[in-house]
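S.K.: Sequence:
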Amino acid sequence: MKYSIPRGTKDILPDEAPLWQSIEEACRKVFELYNYKEIRTPIFEKTELFTRSIGTTTDIVKKEMYEFKDRKGRSLTLRPEETAPVVRACLENNLISPDQMTKLYYIGPMFRYERPQAGRQRQFHQAGVEAFGASDPLIDAEIILMNVQLFNKIGLKDLEVNINSVGCKKCRPEFRKELKAYFKNNIKNMCKDCQERFEFNPLRILDCKEAKCQKYIEEAPASVDTLCRDCKLNFEEVIKMLDYQKANFKVSKRLVRGLDYYTRVTFEIVSKQLGAQNAVSGGGRYDTLVQELGGKSIPAVGFAIGMERVIELLKSEIRNPKSEQGILLFIATLGEEAKKLGFDLLSKAREKGIAADMDYLGKSLKAQMKMADRIGAKKVYIIGEDELKKGCGILKDMKTGEQKEVSFDSLGEELK
RNA sequence: GUGGCCUUGGUGUAGCGGCAACACAGCAGAUUGUGGUUCUGUUAUCAGGGGUUCGAUUCCCCUAGGCCACCCCA
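All the letters of the first sequence, read from the start, carry residue numbers -10 to 405 under this note's numbering.
Calculated from the structure, these hints are not laboratory results. It is possible that some hints are incorrect.
[As the list claims (entries may be wrong)] Derived DEER-like restraints, expressed as beta-carbon distance ranges:
{"#": "1", "residue 1": "K181", "residue 2": "K146", "range": "33 to 39 Å"}
{"#": "2", "residue 1": "E13", "residue 2": "K146", "range": "17 to 23 Å"}
{"#": "3", "residue 1": "K166", "residue 2": "R243", "range": "14 to 20 Å"}
[What the hints assert, rightly or not] Using 30 Å as the maximum straight-line C-alpha spacing, the simulated BS3-like pairs for lysine-lysine come out as follows:
{"#": "4", "residue 1": "K158", "residue 2": "K18"}
{"#": "5", "residue 1": "K158", "residue 2": "K239"}
{"#": "6", "residue 1": "K393", "residue 2": "K378"}
We treat Cβ as the ideally placed atom computed from N, Cα and C, and that holds for glycine.
Can you make the complete structure from the sequences, with help from the hints?
M.R.: Here you go:
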């Protein structure tokens, strides 16, 4: 094969496209139910937007960005996530302010240079929301509940909702300090990755999967225990609201996010049916990001779902969409003259909104019938020499097999 | 970025150091203008490159891609 698809990318072929469409539609429906409006931003942004927002010590920025220079030497990057671009667009177009609520959603491709694996590609798709303006814990609860409602609607099973609070500007450094103090003595017995994490991002040690690190992690201090007063109240309130709404969730002390901008409540929904890449959605609050990107102090929450992972789950479930819509009319012709007339009738049918097709390969009538059957045509209109003389073609119902003469002029009427 | 397993027609599989097998799909035909059943025919330089050998799809090496775990994250 001379040309092959770039590593970590995938073609979505016609047999899978309807599934994508139905999920995208479900996302739009649910998001709009909660009054979120769609926003579309460019696929690439200035690199700096991401290094600023995501954090220079995170893996995404350090080694996963598709960065390139344009012809004038400006550094651009294919978006690895959508929160920063949305914030940028909001600031640039004056969509948000501290005394007003703005709810936005997006659906589209993201890019991260990672080693491909099932459920992890270099170009992948996310659908997500961002809510700006409110620090009320109700809105934290709302997006989590909305996310759950969305997954229920789509029909995902065996999900687990995990939530945690990572604190704010005030108490997170405190927590960091405590963690470092705690791990200090044992860090040399832990894995190499943890030793590195100890230096630049001790929070990440908490979700290490290495067996030998587990015993130290289990005893480690939890962020929820070192939260400042406000963060603690906020977290308790979110939990209260979720309980009140009878949501099914778990407080997971070791849940941490890989992006620096998160504050306070973070959550993640994982599937028990997936392997290592089991997070189907994730998000949380980011109260300082807007200001860090040059805006006023505006609190915000958001989350994104991983479309490929949702698709993967749906594929493993019993499903048979088998699109019922198909071509309504197939025009079968014999001879050049009939073909031209057929083409004319075909155009007329389409103008009337009737999905229609014909053969362009000069196949036999038998082959044309076969094709009509395969593409799921409900009716076939046959035009041969006899029909040309009479001015009527034969309209055949493919289900019953019945056929009758219908004049060329009344074909459109007949199909209504 | 690290480690392990894998790569045979459009798809799913078999095979073995010596003429690549099967199923499904596709295309053509089964007396001259009619589909979904049946029957017949037809469809592969065995991922790419190199090496060992009289001979490699089969053994070895490299590359690419896939899968699994680490890592990371949605």
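S.K.: Hints the structure violates: just list their numbers, smallest first.
M.R.: 4
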